[in-house]
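Enquirer: Working from the sequences, and respecting the hints, build out all of it.
Everything in the sequence shown is counted per our numbering, starting at 1305 for the first residue and increasing by one.
The set of hints was computed from the structure by calculation and includes no laboratory data. Misleading hints may appear alongside valid ones.
As the list claims (entries may be wrong) - Listed below are the simulated DMTMM-like cross-link pairs for lysine to aspartate or glutamate, each with C-alpha atoms no more than 20 Å apart in a straight line:
no., residue 1, residue 2
1, Lys1416, Glu1381
2, Lys1328, Glu1377
3, Lys1416, Asp1356
4, Lys1415, Asp1399
5, Lys1446, Glu1331
6, Lys1328, Asp1442
7, Lys1416, Asp1399
8, Lys1328, Glu1447
9, Lys1416, Glu1382
10, Lys1328, Glu1438
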Amino acid sequence: MTVIIGCGNLLRSDDGAGPMLIRKLWELGVPPGVRLADGGTAGMDVTFQIGDAEELILVDACKTGAEPGTIFELPGEEVETPPLNDVNLHDFRWDNAIALGRWLLKSRFPKKVTVFLIEAENLLHGFGLSPTVEAAMDRLAKELLQRLGGKNSET
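Expert: Right under this line is the structure:
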């Protein structure tokens, strides 16, 4: 099974790209063997959503200075970060969740972890994605469905 988790804050414009992608995938139709989860802003929830996945895909927004709407694809092991000492749940992010999940699940941890980051244009308070980020999120949703064998990936 493949688990796709969209992370981000819906109330900070483009930071909601991950959860909005999950909603888009629901609309397009999810192929068999794929489970979707809205990881929101609670990194610890990401750890518990991994379950018995063979493949884990995480999607979030980022701000690197690249062109807004740029999509980055990274192997999970390159971005996972062990939780720091004295970390609290508010500071626990998806990158921490990957490391914790690997430690907790051991041999049951997904064999493949991929992180997709969409370069944000606007991270100010407000609901809704900027047009550039929304277009990138739509492209990524269709790309993921195509990779995972979704029959609606062409629409």
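Enquirer: Hints first: check each against the structure and report whether it holds.
Expert: Quick rundown of the hints versus the structure:
Of the pairs offered as hints, the one joining Lys1416 and Glu1381 holds, with about 9 Å between alpha carbons and a cut-off of 20 Å not exceeded. For the hint pairing Lys1328 with Glu1377, the CA-to-CA distance comes to about 19 Å; that is within 20 Å, so the pair holds. Note on Lys1416 and Asp1356: the hinted pairing holds, with a Cα-Cα distance of about 12 Å set against a maximum of 20 Å. The suggested pairing of Lys1415 with Asp1399 holds, with an alpha-carbon distance near 16 Å, which does not exceed 20 Å.
Restraint check: the Cα-Cα separation between Lys1446 and Glu1331 comes to about 11 Å, which is no more than 20 Å; the hinted pair holds. A hinted pair counts as satisfied when its Cα atoms are at most 20 Å apart, and Lys1328 with Asp1442 qualifies at roughly 7 Å. With a C-alpha separation of about 15 Å, the suggested pairing of Lys1416 with Asp1399 holds against the 20 Å cut-off. Restraint check for Lys1328 and Glu1447: the C-alpha separation of about 12 Å stays at or below 20 Å, so the hint holds.
Pair hint Lys1416 plus Glu1382 holds up; C-alpha atoms about 12 Å apart against a cutoff of 20 Å. The straight-line distance between the Cα atoms of Lys1328 and Glu1438 is roughly 10 Å, inside the 20 Å bound, and the hint therefore holds.
The structure shown violates none of the earlier numbered hints.
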